[in-house]
Amino acid sequence: MKPLNEMKLSFPSKSANEAFARTAVAAFVAALDPTVDELTDIKTAVSEAVTNAIVHGYRESIQTIYITAAIYPDNRVVIRIRDKGCGIEDIQKAMEPLYTTSPEGERAGLGFAVMQSLCDKVKVTSRPGKGTTVTLTRTLAGRNG
Amino acid sequence: MSVRIYLAEDILTAYLSGELDHHVVRTIREEIDEAAERAHPAVLVLDFRDVTFMDSSGIGLVMGRYALMQELGGELKIENLPNHIKKVMRLAGLERLANMETGGVRK
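In order, the protein sequences belong to chains A and B. Note that the first sequence covers residues -14 to 130 in our numbering. Note that the second sequence covers residues 21 to 127 in our numbering.
Treat the hints with care, as some may be off.
Said to hold, decoys possible - Straight-line alpha carbon distances no greater than 30 angstroms define the calculated DSS-like cross-link-like pairs of lysine-lysine that follow: (1) A:K(-7) with A:K106; (2) A:K69 with A:K106; (3) A:K(-7) with A:K69; (4) B:K107 with B:K97; (5) A:K115 with A:K(-1); (6) A:K108 with A:K(-7); (7) B:K107 with A:K115; (8) A:K115 with B:K97; (9) A:K115 with A:K69; (10) A:K(-1) with A:K78; (11) B:K106 with A:K(-1); (12) A:K(-13) with A:K108; (13) A:K106 with A:K(-1); (14) B:K97 with A:K106; (15) A:K69 with A:K108; (16) B:K106 with A:K108; (17) A:K(-13) with A:K78; (18) A:K115 with A:K78; (19) A:K108 with A:K78; (20) B:K106 with A:K106; (21) B:K107 with A:K108; (22) A:K115 with A:K(-7); (23) A:K106 with A:K78; (24) B:K106 with A:K78.
These aren't lab readings, by the way, just hints derived from the structure by calculation.
Please model the complete structure; the sequences and the hints are all you need to start from.
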């Protein structure tokens, strides 16, 4: 299916950009006329993925995070958040609720659990040393749904 | 994002406002911990009424303050949760940790 619209975004992995990233994606998705709840869900999921890229992918060093997003005629939103950071050795383990590699940073280990509960589909591909891509898919019921 | 902290009797209340994410949680938690360690309150209240956005960083904030209050021999309360935040907290099962004002069970 051909997307109605697409966008690309890249920005330095500064934590101040977490707010920018989720707000930019929300503004892009707004074309589908989502409900406030749907928009909040998408912002939250994007925030989790971007925070993961900053904290885990790049381990707080400043490099580039890439986001692409597309909206489709069937009200589907697909958002891809990519980093070229350290990658994940064991994706299954990383996705386990409460598993975290940085408890001292007070990370709850719930990033993927939150993404999964707020999206229809969460796909993670990663190569150690090469980076990680998280693809979030969510179909909006919208105001008519 | 900002936090205003008030001490009344032995209740320390932190009014959080704005967007609660990984970026802002770092400074906020320092401010709250400093006040709590100084005051040794019986109850620490985190008031979420003016929080407009929260991701799992907020869960980390609550879990960390819960641990701190355990250490200080006090109690943690979470108050005035907007619906979108309740959703994220429920996911983490936080109502089992802290006394959530709405629908929460006292520990």
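### Message
For each hint given before, does the structure comply? Return the numbers of the non-compliant ones in rising order.
### Response
Of the numbered hints given earlier, those the structure breaks are 7, 8, 14 and 17, listed in rising order.
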